[in-house]
Structure formats: C-alpha cells, structure tokens
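K.L.:
The primary structure of each chain is shown beneath.
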Amino acid sequence: MSRTGALLLTLAVALANDGVARAQATLSVDAGGTSVKYDGFERTNGLSVAPALKVERGSIFLSVSGDFARFDGSGGTSALGELAGSWFSQPRRDGALHVEIGGTASTSAYRSAIRNSFLAAHARAHLSSDRRGGWLSAGTGYVSHTSTDGSMVSADVGAWARISSTMLSGSITASRFPRANPVVPLDLQPLAENFAQALLGWRDSERYETTTDLNASFHIPVSRAELDAVAGTRLAGHWGARRQWVSVAGSFWLTRRIAVVGRAGTYPSRVERGYPSASFASVAFRLTSRPRSSTRFAFVAPRSTAISLDVRWQGADTATLRVTAPGARRVELRADFTDWRSVQMSRNETGGWEVTLPLVPGSYRATLRIDGGGWAPPPGTQGIADEFGEFVGIVVIPERE
Amino acid sequence: MNVRLAAVSLMLVCLPPAVSAQDVRLQGRLDARTRTAVQQIVDSAAASGLPTEPLIDKALEGASKGADDARIVTAVRSLARRLRESRVALGSSANEAELVAGAGALSQGIASSTLSRLRSVRPAERITLPLVVLTDLIARGVPPSTASSVIVSLAGTVSGSDAFSALRRDVQQDIVAGADPAAAVSLRARALLAALPPPPGKVATTTDLEAASTRPPD
Chain R
-2 MSRTGALLLT LAVALANDGV ARAQATLSVD AGGTSVKYDG FERTNGLSVA PALKVERGSI
58 FLSVSGDFAR FDGSGGTSAL GELAGSWFSQ PRRDGALHVE IGGTASTSAY RSAIRNSFLA
118 AHARAHLSSD RRGGWLSAGT GYVSHTSTDG SMVSADVGAW ARISSTMLSG SITASRFPRA
178 NPVVPLDLQP LAENFAQALL GWRDSERYET TTDLNASFHI PVSRAELDAV AGTRLAGHWG
238 ARRQWVSVAG SFWLTRRIAV VGRAGTYPSR VERGYPSASF ASVAFRLTSR PRSSTRFAFV
298 APRSTAISLD VRWQGADTAT LRVTAPGARR VELRADFTDW RSVQMSRNET GGWEVTLPLV
358 PGSYRATLRI DGGGWAPPPG TQGIADEFGE FVGIVVIPER E
Chain V
42 MNVRLAAVSL MLVCLPPAVS AQDVRLQGRL DARTRTAVQQ IVDSAAASGL PTEPLIDKAL
102 EGASKGADDA RIVTAVRSLA RRLRESRVAL GSSANEAELV AGAGALSQGI ASSTLSRLRS
162 VRPAERITLP LVVLTDLIAR GVPPSTASSV IVSLAGTVSG SDAFSALRRD VQQDIVAGAD
222 PAAAVSLRAR ALLAALPPPP GKVATTTDLE AASTRPPD
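Chains as they are written, first to last, in the numbering used here: chain R, -2 to 398; chain V, 42 to 259.
Cβ-Cβ distance ranges computed for the label pairs, FRET-style:
| id | chain 1 | residue 1 | chain 2 | residue 2 | range |
| --- | --- | --- | --- | --- | --- |
| 1 | R | Thr23 | V | Arg122 | 46 to 56 Å |
| 2 | V | Arg163 | R | Ser286 | 48 to 58 Å |
| 3 | V | Ser206 | R | Gly30 | 49 to 59 Å |
| 4 | R | Glu79 | V | Ala224 | 48 to 58 Å |
| 5 | V | Val217 | R | Arg67 | 42 to 52 Å |
| 6 | R | Leu50 | V | Glu166 | 56 to 66 Å |
| 7 | R | Thr23 | V | Gly132 | 53 to 63 Å |
| 8 | R | Gln311 | V | Gln68 | 25 to 35 Å |
| 9 | V | Pro164 | R | Thr353 | 33 to 43 Å |
| 10 | V | Val129 | R | Val245 | 52 to 62 Å |
| 11 | R | Ser343 | V | Val129 | 38 to 48 Å |
| 12 | R | Phe282 | V | Asp72 | 54 to 64 Å |
| 13 | V | Pro184 | R | Thr347 | 38 to 48 Å |
| 14 | V | Val217 | R | Asn345 | 22 to 32 Å |
Hints are computed from structural coordinates only; laboratory data are not their basis.
A virtual CB, placed ideally from N, CA and C, is assigned to each residue, including glycine.
Between the sequences and the hints, there should be enough to build the whole structure, so can you do that?
P.N.:
Below, the structure is given as structure tokens:
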C-alpha cells in the first residue's frame, strides 16, 4: 500500500499543479439491451445504462463511469463504478518521450454474490512519433474481493501504429494478484510455463498467482462510423473455459451527438475478481455532448482540424502567422523558419491561434500539430511526402506589400 | 606601396575561406560525423553560389523527425543537387525562394525544361508561387503534363500571383468535393483566364489552355 500511496500522492500533486487550460468535459450515456452468457451458465438478457463523464484539463485526463444492468429471470442486477485519471508530461523533444502517471479506483457487484474493489496506480513511459509508438508501464494496487484481499502488481509493454486512419495496437500484460476463491466455478487450468514468472520473477503461492495476456486491437473510423476490434490470448497463468477472446464494436453516428453502438464477442475470465469468461452482445443508443472515438489509444487523434492559415506582416522582417482551429486546446508549428523546432502558438482575442516570427518572403516547408496529435500539413497546403517518411506542406510567405 | 596593399587586400576579399565554421544550429541536433558530412555539402553549395539555408533546414528537419544519419545526409545531398539543377533551369537571376520552389517541383517529378519554360514566359516576374502551386497540384494527383501546361500557360497570360493563389484554393476545394484533379485544374484555369484581364500585348484564349492541357508530357 505504501507504493500505491506514493504514486497516488504523486498524481495528486501533478493534478494540483497543472492549470494549463480550461477543463473540457464530455458527458455520454449508453442505454440499451445486453445479453451475456457466462461460461457454465445459462444466457441472461437485460437492460443496461452506462453513463460516463470525461474531463480534460491541459495534460490531465479524468473519467468517471458506471454501468448498471438489470437482467431478466434470476439474473438480478450488476453495477460497476470506476474513477480513472492520468497526467501526461510534455515531451522532452518532438515526437519523443512522454511520461504518464495515472490511477484507477473501481468497485463492482454482481447480484449479491460477488463484490470487489480495486485501487491501482501506474507509471508509463511512451515513446512515439506521429505514426507509431510504444509504451512500457508498471503499476501496483490493492484488490479487495468477497473472499480475499491484498496487493497486486502489473507490468505491460505495448506498441501502436497508425496506417492511414487505421490505428493498430498490441500489448503484453503481466499481473500478479491475490488468489480469489471464485464464487462461480472457473474450471481453472494452469499453463505449463508462465512468462510473468520467468521474466519478472513473480512466483505463485498460496495467496498469489500470475497471468500473462497478449492483446491486439484496431480502430478504423470510416466517415460517420467507427469500427473497433480486440483480440487476445492468455499466454500463461490460468484460464477458464476460454483461452482466446475476440470482440468487435461498431458505432454509427446518426447525428453529431447520437450514435448507435453495437458490440459482440467474448472476454476472458477475470480470475482476480472471480468472474468467469463469457460471451456477450449488446446494442445501445449513445447520447454524448460531443462525438468521440469509442476507443482510447495512447495518443488519440486531435479533435480539431485547422481550417485556415494566413500571414500578416508586422514589420520589415517580422510576420504573424494565424491559424483558425475551432475547438483546439494547443496548436504547434514546426517549419523551416523555426529550425524545425516545435513552436507553440498563442490563442488570440478572436479565438484563433498565432505566432509572430522573424521571416523573409519565400517558400517554406511546414507542419502543424493540434492537441498533441500527429504533425500535418498546414491548412490550404497539400501534403507532400518528404524524405523522412512523413508529409509536409509548402507555405508561401508573400512579399510585403 | 599603396598599389601593393590594395592588391593584397583585394586577394584577401576574393579568396574563399579555406575552412568554414559549422552552422551553430546543427550543434546538438546532429552527431559530429553527420554534422561534418552536412557541413561539407553546405560548403560545396556555398562555393557554387547556391543558397545554403535550405540545406541547413533540411538537416534540421531530418533531425527533428528522428531520421537516421545516413538518411539525413542523403536528403541534404539530394536537395543540393536539385538546387543546382533548379538554378541551371531558372537562370542565374533566380532568387533563393525561386530556387527552393524549383527544387521542390523537381522533387515531384517536374522536368527541368518545364522550369525553363516557366522562366521564359515570365522573365521579369518572380515565379515562386507558380512553382509552389505546380508542386501542390501534382501532389494532389493532377498529371504532371497537365499541371505543367496549365501553370506555364497561366503564367504567360496573367501577371501577379493572385491567380495562382486562387487556383490553388479552388482546385483544393473541387478535389475535396470529389472532382477529378485534372478536370478541376483545367476548369478552374479556364475560369480564371476568363475573369482576369491579360497584360497588354498578350492575348490567350481558353483554346490555348485547352491545347496546353492536352499537350503530351515532357
């Protein structure tokens, strides 16, 4: 608990110190029907409501979410509540190292049989460019379950790549947690070799056990629709009836704030919480204060697109570049005339973004980045492939009239 | 004595420095070996009277994007070669911005003869923007032969740069709306030609542009 406390204290200090920008909140509610079949049990159908509030303030991300379901027959009810937060550092240099410190607190209950609570903190290092990246993470926490409680540790390593608009990611997660006495029969089968034990030296005991999971996912936005898929396998540890799992989710935005969301697939047993593996399907309407991707990756695409760029001379050799980017929280410019160092633009009184630089007329290669997303050609220019596997736009600084 | 002193002074002024100092901006952005290789290319360009700023920018761009050393040096060397080719095509009167824009056009597959034609139809005006728009159009999917012909014809017909800014903007809008890039360029160029008064002594018709846009590739 001391390690958890220290990490949470670090997070709290970071949250308190960060006052970069005004908070932006997104509220959404999913409401619909769901059908779940826990392995070894009859299928049960029900109705569910899942509200979520996500708040972004500068480099801080917070989310509060819940999921309440009422099942027919003897299915009873289930409830889940979760609070999660992360703080991201500014990169040391363009497209390089970001550090994330985060924490999660959650509690869930299924019927009156299973109750558990979970408190964890993690530190994660992200190494990324515009199109690919990876992360290394370590975390610790405390698990309280109906039958047991104790500390847990986890570590994961992952990578992501963006190909056109498709985002792919993969990760390996190793966890060590208190051995729970499952309320429902899990039919646990041990694997012969455990990567977590071999790599991290974590040993099973009467009280603790370890698992190693491999997960892969992709996200494709297509016009008004988004498609997500997740697949995984338990490489080591214990599994119930399923060693592999796969699920897909599709969202179609009917309006800017209303979407239909469908999900189906399977998920693995959560041994540490006493939940067996299951198959599921659900359909819901989503109401949101702002349309968003249904999947969060290490670095999400920017929510704003710049729509114009203009140049205004201020003196003989100084000009102001102005960008209109509604909804942006941060706009950065990188160009020949900045020596290819990232220069942060300032918000002006009209809500646009601008920066004043020493300039001479000419044609320059430039890129813009909005909200920490990928570098892209400035508005009004065509992306031209450069020699380094990226795209730039050519900005013409006209003669002073 | 005074004549001898003047002669020595003249020699000192005219002689290029044997070893130039490294650009301070490369310090800390490139390792020593890459810095030296880039600086050699820069010195060679300077000795030939080519602009060196774009070469430094290219090296810094590569460093900023995390490119490996060999790739950075290759990119800088390629740019130096294109700047040299651009100057041959555009002539010694071309300024730095034109040479850079010309090098950009060459990198997109434009023939150096097209740069020369553009210069010949606009000998007294800067052609930076026409070259940039030409590069843009090809990157947007307009066939090089069509883009070249339209830009050369437009440059020989209208003065100033407003027409090229408008062409760039309008073609972008058309392509985003689903138009075929080649058709968008031809239609927009014809519309511009109809709307803008040609300079005295030059009369171009839409037929000229139509013929230009169907001219075989260089």
